[in-house]
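Residue strings, one per chain:
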Amino acid sequence: MLDIDIRHKHYPDRGGHIHTALSALRLSVRTGEFVCVVGPSGCGKSTLLNLVGGLDTDFAGHIRVDGRAPGERTGFMFQEPRLMPWLSVIDNVCLVAGKDASARKRAQALLEAMELGDVLDVYPGRLSGGMQRRVALARAFVIEPALLLMDEPFVSLDRPTANRLRTMLIDLWQRCGTTVLFVTHDVHEALALADRVVFLSAAPATMLLEHRIDLPRPRHPEDEAISHLHARLMQDHPTLLTGLVPPTGQPADEDALHA
Amino acid sequence: MNIRSRTGGAPLPDLIAARQQAPAVRTRQGGDAGLRLISLLVFALLWQAAAMLLQTSTLPTPLAVLGRIVEESQSLALPQHLAITLWRVALAFTAAMLIGTAIGIAMGRWRRLDLFLDGWLVLGLNIPALVTIILCYVWFGLNDTAAIVAVAINKIPTVIVTVREGARAIDPRLMQVAQAYRLPPLTRFSRVYLPQLTPYLMAAARSGLSLIWKIVLVVELLGRSNGVGFQLNVFFQFFDITGILAYTLVFAAVVLLIEALAMRPLERRLSAWRN
Numbered sequence: 001m002l003d004i005d006i007r008h009k010h011y012p013d014r015g016g017h018i019h020t021a022l023s024a025l026r027l028s029v030r031t032g033e034f035v036c037v038v039g040p041s042g043c044g045k046s047t048l049l050n051l052v053g054g055l056d057t058d059f060a061g062h063i064r065v066d067g068r069a070p071g072e073r074t075g076f077m078f079q080e081p082r083l084m085p086w087l088s089v090i091d092n093v094c095l096v097a098g099k100d101a102s103a104r105k106r107a108q109a110l111l112e113a114m115e116l117g118d119v120l121d122v123y124p125g126r127l128s129g130g131m132q133r134r135v136a137l138a139r140a141f142v143i144e145p146a147l148l149l150m151d152e153p154f155v156s157l158d159r160p161t162a163n164r165l166r167t168m169l170i171d172l173w174q175r176c177g178t179t180v181l182f183v184t185h186d187v188h189e190a191l192a193l194a195d196r197v198v199f200l201s202a203a204p205a206t207m208l209l210e211h212r213i214d215l216p217r218p219r220h221p222e223d224e225a226i227s228h229l230h231a232r233l234m235q236d237h238p239t240l241l242t243g244l245v246p247p248t249g250q251p252a253d254e255d256a257l258h259a
Numbered sequence: 001m002n003i004r005s006r007t008g009g010a011p012l013p014d015l016i017a018a019r020q021q022a023p024a025v026r027t028r029q030g031g032d033a034g035l036r037l038i039s040l041l042v043f044a045l046l047w048q049a050a051a052m053l054l055q056t057s058t059l060p061t062p063l064a065v066l067g068r069i070v071e072e073s074q075s076l077a078l079p080q081h082l083a084i085t086l087w088r089v090a091l092a093f094t095a096a097m098l099i100g101t102a103i104g105i106a107m108g109r110w111r112r113l114d115l116f117l118d119g120w121l122v123l124g125l126n127i128p129a130l131v132t133i134i135l136c137y138v139w140f141g142l143n144d145t146a147a148i149v150a151v152a153i154n155k156i157p158t159v160i161v162t163v164r165e166g167a168r169a170i171d172p173r174l175m176q177v178a179q180a181y182r183l184p185p186l187t188r189f190s191r192v193y194l195p196q197l198t199p200y201l202m203a204a205a206r207s208g209l210s211l212i213w214k215i216v217l218v219v220e221l222l223g224r225s226n227g228v229g230f231q232l233n234v235f236f237q238f239f240d241i242t243g244i245l246a247y248t249l250v251f252a253a254v255v256l257l258i259e260a261l262a263m264r265p266l267e268r269r270l271s272a273w274r275n
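Chains as they are written, first to last, in UniProt numbering: chain Z, 1 to 259; chain R, 1 to 275.
Take the hints with a grain of salt, since some may be wrong.
[As the list claims (entries may be wrong)] Chain R residues, not near chain Z, derived (Cβ > 10 Å throughout):
1. L35
2. Q48
3. S57
4. F236
[As the list claims (entries may be wrong)] Derived Cβ-Cβ restraints for the label pairs, each shown as a range:
5. Z:P12 with R:A106: 37 to 45 Å
6. Z:E115 with R:R268: 54 to 62 Å
7. R:A106 with Z:D186: 39 to 47 Å
8. Z:D195 with R:A262: 56 to 64 Å
9. R:S210 with Z:D186: 51 to 59 Å
10. Z:K105 with R:D171: 25 to 33 Å
11. Z:H220 with R:D171: 29 to 37 Å
FYI, nobody ran anything at the bench for these hints, they're computed from the structure.
Beta carbons are placed, not taken as given, at the ideal position from N, Cα and C, and that holds for glycine.
Let the hints inform the model, and build the full structure from the sequences given.
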């Protein structure tokens, strides 16, 4: 169980003024649950992931995984692949997996399963963008993460490549039982991936709406059911994607409508 | 304010860009090795012609110098002095690189430390080598420690400037990867941080070697009783130009060999991923 309770997170902006990125944000994620966080750009989604991932510890509140601070078995996938250009594909994955022979064997098996067996000794600079993301995905899963944080990891990829990566992600997630917190601004992607989608307001981000998705997997962002769900959500909550708090003052807790 | 311009030569980004283009240039050089050899022969011939024409004891012929090299090698004088000088070069080089890198990283990392030490650095860059050498001998005595400290002090500031530039260019996004995956500090440093610093370290090492082997001779001339610098001084007293040229040629050749057989292959290996 991932338990997030952020009272507030401030940082100074360029003019030296204090900017509140997050405020009164509470979110609980069951162990093994896949939660997507959607919000307008600049609302503090990435800040939230940085706090959960321990990249930023300067905030008021607490973040716990099963009662403790998120520990070694936390994976992180960033917007860019962020591979070490001076390490080969296998070494990039082994960098986080550990030095022993069994870790290396695990890394190799994982890369082969992800159809990267032919490029184990290639430097990342020679791979396509899609392949680099696949390596980054392998790096995230080689540690068999209890918690995986993903910050728009499939942005700026062509549609077939992105879909292939999403299929791989869901496959790995189902096998590992990882808890996933996935940030995106693409509602279709969120609806296709998640068990539950959380919509955030514009900064300072608070929760606007939570929506559980009961559609069976596999799903794709282009599926008709996803489009229907998207249309219904937008109809019921027209201000959702602007990040504005609805003027009628609807409660921001669990949504009533289910697909 | 701009310290880089005080160190002279090309600004660092240019140096590094030039280094990255090096492989292509190098293959062309390989094809032109013949021309280089001819150039060398023409130089020797011109030297020989000038010496024969002038007929003076202050310009010996290349063959006379070669003969002297053989002679000094057989008496073991040249190898002994050379070994001592190279040992001093190695110690001063290692000390300057280690200390300069540590301070450079720290100054690139912490802005306030950078501000605090910046004035000292400008001073260090501008003190003439001769002054440091004299002061070291006066304060620490005429011994090897003083000699090596004097050489290292001359080199440390330029290492700091180069490495600080590299530390400022470290990609925070890659450091975040190391942090997110909670890599142990040593792994984080050696496999994520240091590789980003490598081009700057190589630039510092190469310019360091070429500076240090020149200063070491001055240090030996001023206050040591052995080494190539000391020998050159002795030859100077006796106006023995053949001896001076013999030692100089051998020493320069050894330094060129170190550069070609150690530095360049090392650099090629470390930057293999760029190609």
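Does the hinted range 54 to 62 Å hold for E115 of chain Z and R268 of chain R at CB?
violated (32 Å)
Can we confirm that no CB of chain Z comes within 10 Å of the CB of L35 of chain R?
holds (34 Å)
Cβ separation of K105 of chain Z and D171 of chain R, checked against the hinted range 25 to 33 Å:
holds (30 Å)
Please check whether the beta-carbon of S57 of chain R is more than 10 Å away from every beta-carbon in chain Z.
holds (56 Å)
Measuring from beta carbon to beta carbon, are D195 of chain Z and A262 of chain R in 56 to 64 Å?
The hinted range 56 to 64 Å holds for D195 of chain Z and A262 of chain R, with Cβ atoms some 58 Å apart.
Just want to verify: F236 of chain R was marked as not at the interface with chain Z; is every Cβ pair farther apart than 10 Å?
Fine: 49 Å to the nearest Cβ keeps F236 of chain R off the interface.
Could you see if the CB distance from A106 of chain R to D186 of chain Z stays within 39 to 47 Å?
holds (43 Å)
Given a hint of 29 to 37 Å, does the C-beta separation of H220 of chain Z and D171 of chain R actually sit inside it?
Hint holds: Cβ distance 35 Å, inside 29 to 37 Å.
Whether the CB-CB distance between P12 of chain Z and A106 of chain R falls inside 37 to 45 Å:
At roughly 25 Å between Cβ atoms, A106 of chain R and P12 of chain Z fall outside 37 to 45 Å, so the hint is violated.
So is Q48 of chain R really clear of chain Z, every C-beta pair being over 10 Å apart?
Consistent with the label, Q48 of chain R stays out of reach of chain Z, its closest Cβ about 49 Å off (over 10 Å).
Taking 51 to 59 Å as the stated bounds, is the beta-carbon spacing between S210 of chain R and D186 of chain Z within them?
With a Cβ separation near 55 Å, S210 of chain R and D186 of chain Z satisfy 51 to 59 Å, so the hint holds.
Of the numbered hints stated above, those contradicted by the structure are hints 5 and 6, listed in ascending order.
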